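Once you have looked at the hints, place chain B on chain A.
Here the protein sequences come in this chain order: A and B. Counting in our numbering, the first sequence runs from 1 upward without gaps. Counting in our numbering, the second sequence runs from 479 upward without gaps.
What the hints contain is simulated information worked out from the structure, not anything from laboratory work. This one's a predicted model, so the numbers in the text were calculated from it and none came from an experiment. Note that the Cβ used here is the ideal one computed from N, Cα and C, for glycine as well. Incorrect hints may have been included.
Derived Cβ-Cβ restraints for the label pairs, each shown as a range [to be verified]:
hint, chain 1, residue 1, chain 2, residue 2, range
1, A, 270, B, 573, 28 to 36 Å
2, A, 287, B, 721, 26 to 34 Å
3, A, 253, B, 828, 42 to 50 Å
4, B, 823, A, 26, 32 to 40 Å
5, B, 782, A, 26, 35 to 43 Å
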Amino acid sequence: MSGAWEVVIGLETHAQLSTASKIFSGASTAFGAAPNTQACAVDIALPGVLPVLNRAAVERAIRLGLAVGGRIAPRSVFARKNYFYPDLPKGYQISQYEAPVVTGGEIAIVVDGAEKRVRLTRAHLEEDAGKSLHEDFHGMTGIDLNRAGTPLLEIVSEPDMRSAREAVAYAKALHSLVRWIGVCDGNMQEGSFRCDANVSVRPAGSATLGTRCEIKNLNSFRFLEKAIEHEQRRQVALIEDGGTVVQETRLWDPQKGETRPMRSKEDAHDYRYFPDPDLLPLEISPAWIGEVQASLPELPAAMRARFVAAHGLSPVDAATLTGSRALAGYFEAVVAEVGGEARTCANWVLGELSALLNRLEVEADASPVPPEALAGLVKRVLDGTVSGKTAKEIFEAMAAGEGGADAIIDRRGLRQISDAGAIEAIVAEVLAANAKLVEDYRAGREKAFNALVGQVMKASRGKANPAQANAILKKKLG
Amino acid sequence: MFELPLADLAARLRDRQVSSEELTRLFLGRIARLGAGLNAFITVDEEKALAAARAADARLARGEGAPLTGIPVAHKDLFCAKGWRTTCGSRMLADFVSPYDAHVVEQFDRAGAVLVGKTNMDEFAMGSSNENSHFGPVRNPWDPARVPGGSSGGSAAAVAARLVPAATGTDTGGSIRQPASHTGTSGIRPTYGAVSRYGMVAFASSLDQGGAFGQGARGLALMLNVMAGFDERDSTSVDRPKEDYTRDLDRPLEGVRVGLPKEYFTADLSPDVAACVSAAVRELERQGARTVEVSLPNQALAVPVYYVIAPAEASSNLSRFDGVRYGHRAANYADLADMYRKSRAEGFGAEVQRRILVGTYVLSHGYYDAYYLQAQRVRRLIARDFTEAFKACDVIAGPAAPSVAFPIGEKSDDPVQMYLEDLYTISVNLAGLPGLSVPCGFGAGGMPVGLQLIGDYFGEARMLNVAHRYQQATDWHRRLPPGAA
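Bound conformation, chain A alone (with noise of 0.2 Å):
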């Protein structure tokens, strides 16, 4: 890759809202049912049947506007977008298009930490179609409209991205987002949460756009980021070839690791958009966006900067124990029960919690350790009866499910010793035991006193305490 050249990237992110019917109907939104088994008259599109909007999509739809510091529009408008497909059952769309429901905001990315700003052009609320299986059906196409009105808001960013990485960070602090306010549960193997991305490149320095592909596609962040890296380099390459770019929409093909055409510019639909007749312009009162701001929880963003002023934590921990809001909620369930220590505890949960979790693959409202159990540990360390590693011991136990720390601590024998005199006999016998270590740290060799601790530790069976093991052997070794 020629490094004269940037990649401009703008990403459309469609999020299943969490709503428990549908935007236009009162059909169940489950996912799996068996196909046509949860599409009623309505998104049959039965002739006679008509669309009622779904408030709980719009409340979702004001909470991301409010999150991403949008504006929500008082009055927006449904339009109907025009085009026939089998899975797609009145012949058009429900969709926002002149007026969406929110217009502006922004979503803070950090980078090789740096922070930007990635703004948002327009959030608006649109019905999904159902899906069309081409498989099984002995070259006919089945139809599953059991998808068909699923309430969909896409957010469109800016093309404010410059690199995949970028793209990626946008996507996954969006993901976060939506499911921290509620308002989407981001499953991207169910198609909850997909993203386009609209990727061009121009020389660097240039200010105009070059023109763009649309990626299609892309239902895993690293689809996303292979996706834009095989985009950006197909243009340049294009370019530098004396070629040039055409808008099109492009599908990427995980399993060639490329990208290729979809359809052109010129086989775009005319979509017809005009505003849905059968809806009356969707009013949302102050009232109401009082109402779903007072609901919000605390967001990332806000807790990010709490962590690093009240509880001295490091941006990037900071960042990292606000990427989910159960993982945020169970550092500050920790830090609540510990009385403080935030730093200790955050060491933990990034630490031994997080690998358990990925090990596990469960969010941390579905540890096995739960906040208290880990407080309880992190107390006894503090408190200096286990030290740490001993500690790491009895975290795995606790998540094997064998009890509290204090019961295994009992139950195995791992309080730790702190008595002077307990301590002084052991280095004593590990003196006399090992006099070439001993005759060595003498002869100046600084390893051999780290072995003599490390005898101490053995014969104590881990629970010496190591600064006072340390200090013990130090005076006797003279």
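Frame of chain A, contents of chain B only:
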């Protein structure tokens, strides 16, 4: 007894002078005898009708009857009725049996009305003559060589020939008032939003409104009492308290201000129709009403505006008829696009296709602003004209159609001439106002003429009051077509 108006039949049912089953058999007999010649019905179901009649009789016997309990009625065939074929006069839905009830159908059922059949109509309510039906044209009971008007021609003809005492219709650009005028029946289109559109197959959503046909204003008021009211399944349904539309029927007309739009009484209006309407206005004056001239300066733009907005909405509304889930699907096709093309070309008639094409065109990129958006702007001006006019009057009076019913085939080849049939009705739809037509005499060829009354928003009761008082002094609405006796 068949010639009695709805209210009188209801009284006899309540007094047990006649049973609903007897009454239903009486009208089913008339349908069997006269219906085929008029082609007013697409579906008649004796079995279902008689079962409903017996249920109504049981209810009446318990003394739980409502005004419409036991009254045989017909629904225009674009109201979905569970278990009934709902064709919209189209080959596309020729075999479509609805799995659910429209709000209007539900309300009539709840009131105990007896559904005897579904009436013929212009395909998807597109037409002013009822010649655009896949099931053949409807004939005017006053002269079988003439059209009954449209698109609710089947309902109008059925009520005119007393095949049923009452029927529903829909009015998107005049589809109740114009056929009422042409068949000597009374027909009302309520304010947009007064009657739920749920289950009423859409032609042009912002203009469609369900309404009713009957002999006279009292019957219309009784039907409106059943049909109107808030329905949360229609987002454009207006949430307001239920009202009794019969409450003002007998109010004297002293002091009522009747507006006469000068744009309605021009050379476009046939002299015979003008004479009948003028005589009707004189009758209103005789009863103490005061006439005032009003102006609707944008009246001339109503037809062109309508023929942008209505097709635009229709082109989108009719997209669901794609042969994928229900409705007509071509027997042979090469691929998906071919299936759409053939199914829709075979399933839709010429006028429907014409409007889909026009609607698609006016919504297309590059034309949207010039046509659709411009039409919406003018539509607001047309509505404002009425708002201004209603500052000076309580109801507006005028013709419902420019001339009497024309011979079948006369305007078939000239869509623009056909569109002008709705010259006096369309602006009401664009403004969302209520309107009705009541018989006010006979014009050329002895064909009926209708007096149109237009009310202010939710001014149905006042409109019905004027119509009822007029009918107290006249008997045009009681006249029977020659073959109907």
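Problem set entry | In rising order, the numbers of the hints this structure does not comply with | Those not satisfied: there are none.
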